Amino acid sequence: AQKITQTQPGMFVQEKEAVTLDCTYDTSDPSYGLFWYKQPSSGEMIFLIYQGSYDQQNATEGRYSLNFQKARKSANLVISASQLGDSAMYFCAMREGSSNTGKLIFGQGTTLQVKP
Amino acid sequence: KAGVTQTPRYLIKTRGQQVTLSCSPISGHRSVSWYQQTPGQGLQFLFEYFSETQRNKGNFPGRFSGRQFSNSRSEMNVSTLELGDSALYLCASSLPFGGAYNEQFFGPGTRLTVL
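Residue numbers (our numbering), protein chains in the order written: chain A, 906 to 1021; chain B, 13 to 127.
Hints listed in this document are in silico derivations from the structure and should not be mistaken for laboratory results.
Predicted, not measured: the structure shown is a model, and the values here were computed from it.
Positions of the beta carbon are idealized from the N, C-alpha and C atoms, including for glycine.
Do not take every clue at face value.
[Stated by the list, open to error] Here are the simulated DMTMM-like cross-link-like pairs (lysine to aspartate or glutamate), alpha carbons at most 25 Å apart as the crow flies:
(1) B:25 with A:949
(2) A:921 with A:991
(3) A:908 with B:115
[What the hints assert, rightly or not] Computed Cβ-Cβ distance ranges for the label pairs, DEER-style:
(4) A:989 with B:30: 21 to 27 Å
(5) A:1003 with B:20: 18 to 24 Å
(6) B:20 with A:912: 32 to 38 Å
(7) B:21 with A:908: 30 to 36 Å
(8) A:1003 with B:95: 35 to 41 Å
(9) A:1018 with B:56: 21 to 27 Å
(10) B:125 with A:1016: 20 to 26 Å
(11) B:82 with A:1016: 27 to 33 Å
Modelling step: build the complete structure from the supplied sequences, incorporating the hints.
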């Protein structure tokens, strides 16, 4: 069964330092996509980065990069040069490509707090 | 381009009542998904609509229902509200392409409190 696991309920990082948020997944579908979303206290989900199962290179989007280790079924988010505005809840999510639906399976989330 | 809009943003109801939440997707998006977010259960998929048809449904009781109109706007209804239905309800829209990559754009959510 498809599943996303985020084992870090909360994380602290000093401003301007890098931080890694862990995500492991489980699926039997060879085609799948992995997403990271940021949820500030306002509640809306903000898309950060995407990694496809067939992508050869790790995805990067500005200060966000995804450390994709397919054999280990992990898709960790790396935020470089943390900013105070990065304090939020972060969710890892997955869609199976063969499902032909928009359904996303989410992990439990990690709360990140950036210290000045 | 306007984003996904959800109304109302906040709602307070009492047990036993029913509620209807509305979601207007991004123009051109024909797929709308609904999610429930609670502190205990996290983010859970409710259902997805595409071209006025329910394409997928999560594990929720029949009290939770939805529909989509010809303009792609969607509504979800919860009947006979229970305290446990208190949650943030998020709507997301996307283009109707298949495959693993199909970015979903989320609305700001409706925060429902059941007293």
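- [ ] Starting from the range 21 to 27 Å, see whether the pair residue 1018 of chain A and residue 56 of chain B falls in it by beta-carbon distance.
- [x] Check passed, 25 Å falls within 21 to 27 Å.
Task: Restraint status (C-alpha distance of residue 921 of chain A to residue 991 of chain A at most 25 Å) - done: 11 Å, holds
Task: CB-CB spacing for residue 1016 of chain A and residue 125 of chain B relative to the 20 to 26 Å hint - done: Holds - the Cβ-Cβ distance for residue 125 of chain B and residue 1016 of chain A, about 22 Å, lies within 20 to 26 Å.
TODO: Note whether the CB distance of residue 1003 of chain A and residue 20 of chain B lies within 18 to 24 Å or breaks it.
DONE: 37 Å, violated
Task: Straight-line alpha-carbon gap residue 25 of chain B to residue 949 of chain A, limit 25 Å - done: 22 Å, holds
Task: Assessment of proposed distance window 21 to 27 Å (beta carbons of residue 989 of chain A, residue 30 of chain B) - done: Taking Cβ atoms as reference, residue 989 of chain A and residue 30 of chain B lie about 42 Å apart, which means the hint is violated.
Task: Supplied distance hint 27 to 33 Å, evaluated on CB atoms of residue 82 of chain B and residue 1016 of chain A - done: Given a distance of about 41 Å, which is not inside 27 to 33 Å, the answer is violated.
Open item on the list: Taking the Cβ atom of residue 21 of chain B and the Cβ atom of residue 908 of chain A, is their distance within the range 30 to 36 Å?
Closed with: 32 Å, holds
Open item on the list: Between the beta carbons of residue 20 of chain B and residue 912 of chain A, is the distance compatible with 32 to 38 Å?
Closed with: 36 Å, holds
- [ ] Compare the distance between the alpha carbons of residue 908 of chain A and residue 115 of chain B with 25 Å, and conclude whether the hinted pair is satisfied.
- [x] 19 Å, holds
Open item on the list: Given the hint of 35 to 41 Å, is the C-beta distance from residue 1003 of chain A to residue 95 of chain B inside that range or not?
Closed with: 38 Å, holds
Of the hints listed earlier, those the structure fails to meet are numbers 4, 5 and 11, in rising order.
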